[in-house]
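Trainee: Could you put together the complete structure from these sequences and hints?
For the protein sequence lines, the chains are A and B, in the order given.
Letter by letter, the first sequence follows residues 0 to 297 of numbering that gives the first Met the number 0.
Letter by letter, the second sequence follows residues 0 to 235 of numbering that gives the first Met the number 0.
To be clear, the hints were calculated from the coordinates, so they are not data collected in a lab.
Hints may be right or wrong, so weigh each one.
As the list claims (entries may be wrong) - Straight line, CA to CA, 20 Å or less: simulated DMTMM-like cross-link-like pairs of lysine to aspartate or glutamate: (1) A/Lys166 to B/Glu90; (2) B/Lys152 to B/Asp61; (3) B/Lys129 to B/Glu98; (4) B/Lys72 to A/Asp179; (5) A/Lys180 to B/Glu95; (6) A/Lys32 to B/Glu90; (7) A/Lys166 to B/Glu95; (8) A/Lys168 to B/Glu98; (9) A/Lys165 to B/Glu90.
These numbers come from a predicted model, not from an experiment.
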Amino acid sequence: MEKFAQQIVNGLSQGSIYALIALGYTMVYGIVKLINFAHGDIYMIGAYVGFAVTTFTRFGHSRFGFIAALVIAMVACAVLGVCIERIAYKPLRNSSRIAVLITAIGVSLFLDYTLMYFVGAGTRSYPPGVLSDRSFTVGGVVIKYQQVIVVLVSIALMILLQFIVKKTKQGKAMRAVSFDKEAAQLMGINVDRTISFTFLLGSALAGAAGVMVGIYFNSIDPLMGMMPGLKAFVAAVFGGIGSIPGAMVGGLSIGVIETLVAGYGGSLYRDAAVFAILILVLIIKPTGLMGKSTGSKV
Amino acid sequence: MIFELKDLEVNYGVIRALKGISLEVETGEIVTLIGANGAGKSTTLRTISGLIKPKSGQVIFDGADITHLSASKRVSAGISQAPEGRRIFAEMTTTENLEMGAFLRSDKAEIRKDMADVFERFPILGQRSKQQAGTLSGGEQQMLAIGRALMAKPRLMLLDEPSLGLAPIVVKEIFAIIREINQAGTTIFLVEQNARMALKIADRGYVLETGEITLSGTGEELAASDEVQRSYLGRT
Ligand SMILES: Nc1ncnc2c1ncn2[C@@H]1O[C@H](COP(=O)(O)OP(=O)(O)O)[C@@H](O)[C@H]1O
Ligand SMILES: [Mg+2]
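Mentor: Written out as structure tokens, the structure is:
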């Protein structure tokens with residue numbers, strides 16, 4: 000029982016990371032029907048920005064190192080995400096889906112290997128002490144202080160996102176454009192700007208995830224975005240691609256399932272388990288847990 | 000004159016949807032464009048709203064050429080549309096849909112007042128204000144689409160087949176409201192297949208056949224013409 004609880008704790012912190020990344024996939028898919036395969040690489044860039052801030056700046060060594068890294072990485076990733084959309088995807092707005100998909104894969108490889116050219120292929124570690132590595136025990140379950148931070152920051156960002164999407168004008172424009180682009184245009188909504196805004200939000204969340212993973216696992220490399228990117232994509236599909244609550248639930252579920260599989264002797268199979276879920280979802284309920292049964296005319 | 004189309008041509012790939020149509024709408028009028036399914040009515044409205052670009056010709060509003068303005072600039076210039084099939088945001092509430100109609104406005108107090116006016120004009124929408132718009136009936140959704148278009152404070156309102164798929168009694172109600180909206184000062188350009196109803200409330204009308212305007216006149220003239228009687232009013 001203790002072991003089970005321990006796996007759940009570990010799974011939830013891992014799952015929060017997946018959820019943050021999955022949100023970007025799902026929002027972008029919701030609005031432009033594109034699986035942005037470069038999304039995992041934006042997360043990786045976020046981890047490197049956080050690394051640079053904590054390692055090379057005065058800010059990074061202060062008590063506010065974590066916050067500084069988080070905020071700067073989020074801003075940098077937001078800018079990067081918007082640029083990628085403008086430069087790579089926008090010119091293809093009316094092209095076939097496969098053309099856009101191939102472009103996304105191209106962008107992904109471009110980001111990975113451009114970064115590798117500048118920083119090398121080796122792994123790096125955040126400086127020690129950005130977040131305390133102490134832990135405490137509750138009923139035999141060891142909880143790391145960092146895990147608490149990861150979960151709390153993720154929850155805070157998700158609440159903030161829900162607020163933006165539900166209550167602000169830009170957020171409402173996002174929902175309107177996702178639902179019906181032409182009707183949104185008839186309201187006077189600028190579709191291009193709204194799409195940019197969606198990339199901005201999704202990329203910022205990925206940036207935050209990158210920083211937290213960098214600190215929590217204490218090892219980053221230019222290809223680190225691939226596997227979490229794929230798993231977060233599975234999480235988005237699992238929750239119902241296009242659904243924001245779906246991405247949150249999907250991310251947490253995938254994190255927990257993966258940790259449980261690993262914890263009960265299946266560490267070799269943990270990746271396989273995640274992709275088996277993808278296949279099962281696609282067979283049994285392609286719309287995912289919270290996805291709408293298709294048909295909304297978009 | 001508030002609005003004019005000059006020699007408007009629109010193609011979808013090789014399909015010639017509009018083959019050079021011209022028409023005029025005076026300030027304060029209700030003008031209708033009638034025609035069978037596929038004649039090019041929606042294409043005309045979509046071009047006026049800036050959703051598609053014409054191959055040639057001009058859209059003139061308030062004396063200015065708006066042919067190349069973005070859809071959003073046209074809304075702020077004073078043109079709004081209740082599109083065919085209503086196209087309400089089904090996953091938003093009635094109130095949120097109305098807010099979307101006022102998207103480009105920032106006069107909060109005025110918006111609140113206009114929303115109260117919409118609820119007064121369509122009491123049923125007031126009762127359903129917190130409800131998901133997708134759960135409204137067809138007639139209610141049409142009212143919402145019109146209310147949403149009103150929230151932009153248009154000077155010219157475009158209506159694309161507001162009677163589509165509605166029971167005759169609901170159609171009557173909606174047309175009465177269209178007339179009220181017009182009397183309150185909004186110019187109306189109404190596209191319809193339901194020629195009988197449209198010609199009854201219109202000051203003037205045009206008949207569109209496969210991308211060309213074949214007839215025009217006052218509502219009464221058109222309703223009385225043999226051609227219209229035969230093709231659109233079902234008399235032999
Ligand atoms: N998106 C489109 N792509 C290709 N052809 C279209 C498209 N929309 C409409 N058309 C064609 O243009 C013509 C006019 O259509 P439309 O304006 O919708 O007519 P109406 O509203 O009078 O029924 C029809 O022949 C229709 O098939
Ligand atoms: Mg039509």
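Trainee: Run every hint past the structure and note whether it holds.
Mentor: For each hint, the structure was consulted:
1. A/Lys166 to B/Glu90: Cα-Cα ~14 Å, so holds.
2. B/Lys152 to B/Asp61: 15 Å, holds
3. B/Lys129 to B/Glu98: Within the cut-off at roughly 13 Å; holds.
4. B/Lys72 to A/Asp179: 19 Å, holds
5. A/Lys180 to B/Glu95: 16 Å, holds
6. A/Lys32 to B/Glu90: Answer holds: A/Lys32 to B/Glu90 is near 18 Å, not above 20 Å.
7. A/Lys166 to B/Glu95: Distance ~10 Å between A/Lys166 and B/Glu95 Cα, so the pair holds.
8. A/Lys168 to B/Glu98: Cα-Cα ~9 Å, so holds.
9. A/Lys165 to B/Glu90: 12 Å, holds
Hint compliance for this structure: no hint is broken.
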